[in-house]
Structures are given as structure tokens and as C-alpha cells.
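Peer 1: With chain A fixed as given, assemble chain B onto it according to the hints.
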Amino acid sequence: MASATFTDSRWIARGEERTSLPRFLLWLTPWAILLAVGVYAAFLCLYYGLNQTNMDNRFAFGLWIFLDLGIIALGAGAFFTGFLVYILKRAELKPILNTAVVVGFICYSGAVAILMIDVGQPLRAWFTFWHPNTHSMLTEVTFCISCYLLVLSLEYIPILLRNRQLRKLPSFLIFEHQLHKLVPVLAAVGTLLSFFHQGSLGGLYGVLRGRPFAFRDGIFIWPSTFFLFILSAIAAGPSFLMLIAATVEKVTGRRLVPGEVVRRLGFISGLLLAIYVAAKSIDTLIWLNYTSPSAGFAPWQYFTHKPFGTPILFAEIVLFGLLPAFLLTYRKTASRRGVLLSAAALACAGVLLNRFVLTVQTLAVPTLAFDEFLQYTPSWQEIASFGGVLAYGVIVYSLSYRYLPIFAPTKGEHAHVSGN
Amino acid sequence: MFPGIDGFHWTAAHVIFLSLFFAIVATIVATVVSASMRTARDFRTHHAADLCWQSEFAELPEANRKCRHELSGRVVSRICDNAFDCRHCAKYSQFAVLPATGLARDLGLHYPDDRLYHRGHTWVKTEEDGTVSMGLDELAKHLIGEPDALKMPEVGDAIEINQTAWRIQKNGKEILVRAPLEGTIVEVGGPQEKWYLKVRPRLNLQDPATLRHLLQGPEVHGWLTRELERLQMQLRASNTPAALADGGTLMPGLMDALPGADWDCVLEDTFLEAY
Chain A
83 MASATFTDSR WIARGEERTS LPRFLLWLTP WAILLAVGVY AAFLCLYYGL
133 NQTNMDNRFA FGLWIFLDLG IIALGAGAFF TGFLVYILKR AELKPILNTA
183 VVVGFICYSG AVAILMIDVG QPLRAWFTFW HPNTHSMLTE VTFCISCYLL
233 VLSLEYIPIL LRNRQLRKLP SFLIFEHQLH KLVPVLAAVG TLLSFFHQGS
283 LGGLYGVLRG RPFAFRDGIF IWPSTFFLFI LSAIAAGPSF LMLIAATVEK
333 VTGRRLVPGE VVRRLGFISG LLLAIYVAAK SIDTLIWLNY TSPSAGFAPW
383 QYFTHKPFGT PILFAEIVLF GLLPAFLLTY RKTASRRGVL LSAAALACAG
433 VLLNRFVLTV QTLAVPTLAF DEFLQYTPSW QEIASFGGVL AYGVIVYSLS
483 YRYLPIFAPT KGEHAHVSGN
Chain B
9 MFPGIDGFHW TAAHVIFLSL FFAIVATIVA TVVSASMRTA RDFRTHHAAD
59 LCWQSEFAEL PEANRKCRHE LSGRVVSRIC DNAFDCRHCA KYSQFAVLPA
109 TGLARDLGLH YPDDRLYHRG HTWVKTEEDG TVSMGLDELA KHLIGEPDAL
159 KMPEVGDAIE INQTAWRIQK NGKEILVRAP LEGTIVEVGG PQEKWYLKVR
209 PRLNLQDPAT LRHLLQGPEV HGWLTRELER LQMQLRASNT PAALADGGTL
259 MPGLMDALPG ADWDCVLEDT FLEAY
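Heads up: the sequence lines are chains A and B, in that order. Here the first sequence is numbered in the numbering used here, starting from 83 and rising by one per residue. Here the second sequence is numbered in the numbering used here, starting from 9 and rising by one per residue.
With the rest of the complex left out, here is chain A (with noise of 0.2 angstroms):
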């Protein structure tokens, strides 16, 4: 009998087919090693400080930023999709939302953890909100990435409440329904505080004047970059979640997220991604012919420094750009799950390029007679707290899938209706 044996049954969402608990617990242990030695790693870099990394004065950015920009750019999908479904009333994107909140909260809780270890001293962390320097970008990244992660836990909570056991417990099913009813406002917050935060990640790098490469104009106090950055992630957001579903799809074998909702997504990502192309193209331009030459640096200097050559732009604003922009959005070739996908992934890489780019090629490149192309290659302790983040997160929603509704968000939706 089922009850003799080593189940979790009783804890999976009643009808719901999941593998056995030992093949789980298989699944798991190699992330669970990678998810160990990255807290080791952590844990080395905290204790002995940042000589643990290969980062220096000169390279104060390396692997750990650009993972904090990539997956902060991708978990974009969480607030952009709440916010097209409780604010623009996009109801038919419902199957995909508790997902993407899922995927959001591993990604700015995984990110959050890696800028605790690359800023260092944590317990000193609450320095920030009492000696806020307000005329930084990276205080308000600080604040709002803060508030966010708050905000995604609090969306979080009600979808863990929806666990076949914690369920039982009538405080916490109420409590779940009364929070869920209110996930309308938490959407709206979100949606504010991404929009900062997204826009001021883009903008810290657009006001460095003394890194030209990376320097823009922009309107008010906000550069270009600025602006630019919350197109990109608003494009490729729902790119990753759609690569996301295919993913858990692919492993499990079902079908999980109706092909209308996944046609729905690779086309605002595609339109998105469209009107981010003709910005970034424009943005180049100007920064070509006027911000660059007016700072007194030939543009195409910076290009001159191998592997940074012109094919990196070329394959951000067409390859990663354009090309999966026309696939998205074409109706014959966004009718084709394989080419849509294909497509998805591009954009995905699209947005991490392009944070690779502003973030160590920025910092490579010499932008004074006497400097030198910097090279920097991460330490073990770097690349093991990357690997420990992308461990946590595969861990983090491989539980949740096995423990929580995170595609069957309508099904109870009308005893939220019909229970107000």
C-alpha cells in the first residue's frame, strides 16, 4: 500500500502526478552538492574578505554583478507579468503568473545573496536605509531591490499556502485568501519599485563619465541606459519564463501552460524586444557620433580590443536583438513552438550580453592614455557562489513544483470570487 512506503504524497496537490520521492531526492543531490560548496565558497568570501575573488580596485565588477544584473533583468518577468494581468487586466496570462512569481522570488532573492557577499559585511547591512546617499543610483537599486524582494515574498506566501497540508490549517488558508485578494496592490508596488530599479541598474552605468564606453545622455537625471535597461527586461522577461515552462515541460513530460498563453508571451517579448532594438539602435548612434567623439574618444576605439570587437554589438542589436524580435512576433514562425523557443532563448541571451557588455567591457576597456586592456578571470570562489545562486534556484522552484500549484493558478479561483 502507498501509506507502507517512502512518500511525500500527502504533501502533492490532490490529482496531481509527480515522480516518486527517491527519484526527486536523486534530482536534487547534485544541486544540493553545487548548492553546498557555493555556501562554502560564500562563506570563504566573507570570512577573509574580497581577496578571495579576482577582482580589484581597477575591476570592482566582475562575475558576481553581471549575475546580479542577468537574473535581475530575467526574473522582470515576475512584475511585467502581474502587472499586465492585475493592472492591464490581462486575464488570459493567469496560468503562467504563479510561475512567474516563483521565478521572480529566486531571482532577486538570488541575486540579494550574492550582493550581500560581494558588498560584504551583511550584519551592517541596514547601514544603507539609515545613511542613504540620495544622490546615488545604487541607494535606490538598494531600496527598491529591498522592497521588491518583500513585495515577492509576500506574493510568494499565498501560493505556499496552497500546499495540500498547510492548506488544512483554516488561519492559513484565510489568511492565504484575504493576501491573495490584495495581490492586486502588491502587483501595482511591484510594478513602481521594478521600474526604478530596473531603470537605475542602467542608469549607474550610464553616469559614469569617467568610463566613456559606458557614459550616455539621457533626459532629467536619468541616462539612456536608464531606460534602456527596462526595455531589455521587460522584453526578455517573459522570453524566461516561457524558456522556464519548455524547461519543466521538457523534464516532466507534460504539458503545462496552454500554447495560446506561451503565443501570447513570445509576442509581447517579440514587440517589446522590437521597440528596445530601435531604441538601443538609436541610443548607439547618438552615442557614435555625438556623446562619444564629444567626450573626446573615437568610438570605434573601444572596439579595437579583442574578444570586444564590433561582432558583440552586431550580435546584441541584430542577432539577439532583431532576429528574435521578427521570430516572436511573425505569425508562421511564432506558430512554431521549436522556432518561438529558439527565439525566446535568443532574447534571453540578448539581455545577458548586453549586461556582460556594460558591465566588463566597460571596465576592460582603457579609457586613459596610460591604462591598459584589464583582463579578469573570476577565482573558484566566484564561479562556486554562481554556481551555489543557479543551485539554489533550481532547488528553490523544483520544490515548488512538486509542493505547490504553480501552473493550475485558475483552478481555485472561483472560491476567491465567490467567497469576497
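Simulated from the structure, these hints should not be mistaken for laboratory data. Treat the hints loosely; a few may be bogus.
[What the hints assert, rightly or not] Within a straight-line C-alpha distance of at most 30 angstroms, the following computed DSSO-like cross-link-like pairs (lysine-lysine) qualify:
| id | chain 1 | residue 1 | chain 2 | residue 2 |
| --- | --- | --- | --- | --- |
| 1 | A | 176 | B | 99 |
| 2 | A | 250 | B | 159 |
| 3 | A | 263 | B | 99 |
Small disclaimer: the values here were computed from a predicted structure and weren't measured.
Peer 2: Same frame as chain A, now just chain B:
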């Protein structure tokens, strides 16, 4: 930077930035506090039980959510969207006047007409003193047989409709029996008394709507037929194709007779356990 910190002085940037930030923090905190207060209010006003049931109802398999009018043959197909609350169902009167259809045949279980039946396999019988008695129906009794133990509420306790009224232990499993009606317990019985609880209803029994949610007449037969079919499917030997018996009656003490069956699944469906 803040007051009390050396060198602090307010600027417009401070005011704008910090006002915005703390407005957001206040909104987040207010959202959580509001959800907590609403939760507490729901428990104070007995609304929590309704919400729990509605949430659980939404999670029940579709086969367990059939409208009573489909069971009686008054409509071809209809899923209840009102958590079996026929008291406040806008469609109830519209369908109730239609003639019931379907052939009634002897199902081998005794369901007296002087009682009303709840989908969680309990019955309600009105007594002359204004109370109601409640008990397990025949199908549930055939399934469970002799209980190993009972956990009964105390006299004076309040029970809420569709929430757990009493618990039965059998073969290591705990069965939560749902209350068919809300009220205050005036007497506690058990299997020997043929009834489990006597309850003074919270609502007026003279009001025809009070017991409207309970099944009666041809609805009971339609419901029971489907329940027996479900039971046959769930209790068939593993690796055998789906088939329904032609004739025969349900034997008593099925949980003892078929210890290898998936009783978690059977009991969940029988007693409307959603999770």
C-alpha cells in the same frame, strides 16, 4: 544622513526620495496588516468556515461537484458553482420546478425518505423538539464497518456547515465527517445509537431554505448511483479494465475486506476531502 546623525541636513532630494520610499514601505505593511485583520474578522464572524469550504469545494474533482438537478435528471449536465449552497443559489428555483427523470432501482442500500442527505455521506432528520439528528449514511457505514475509534465534539460545541463535525479512526486512517448543518450540539451519540449528533440548528427550521441544500427524493437515487459506480471503479483490482457490476449489493465492512485498496483516494472522494 538621518536626524541624529552627524552632519545631517534635509534637502529636497531627501524629502522626495525618502517620502516615496516610506510610502511604498507603508503600503506594503498596510497590505499585510489589512490581510491579517480581515483574517481575524472572518474568524469572528463565522465567515472563515464558509471561505474554507468554498476554497476546498473549488479543489474537488468535477465529478464530486455535480449539481443536484443533474443528479435528479432535471438538467442534462451542470456543475455546481455555488459550493452546494442551494440556499443562496439563483438557479435553484429555476430548475427545481422541472420534472425529475431517470429510473429508480433498488441499489441495496437503505435511504429512508424521512431524512435529508448531505454529499459528505451524512443524513439529517428533524425531530419533534426542534432539534435535528445527524448520522452516517448507509454507504459510509458499509465502507467503514466498525470504527476503531471516534473523536466526537462536546455537548455545547458549535459546528459549522461543511466543516468537520466528528472524526472516525479506521485502519490507521482518520476520516473527517463534514457537518450537514450548522448549529449547537445538544447530545452526542455514536454507531450504537444509530445517530451521531443531536443539534439545535442555528437557522430557523421553519424556513424552507434552511435545509434546501440537502438532497432528497430522486436526487438521492441519482447521487447514490454515481457514488456506487465511482466506488466500483476505485475498488476494482489493479491491472483490470474498468467495468461495472451488473447487479449485486454492497457488502459491509469494505475497509476490512479490501485492505490493499487505495483507501486514501476512496475516502477523500467519499467524504469530500479536497486536500
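Peer 1: If a hint holds in the structure, say so; if it doesn't, say that too.
Peer 2: Here is how each hint holds up against the structure:
1. 176/A x 99/B: 29 angstroms, holds
2. 250/A x 159/B: Distance ~18 angstroms between residue 250/A and residue 159/B Cα, so the pair holds.
3. 263/A x 99/B: Status holds; Cα separation ~27 angstroms.
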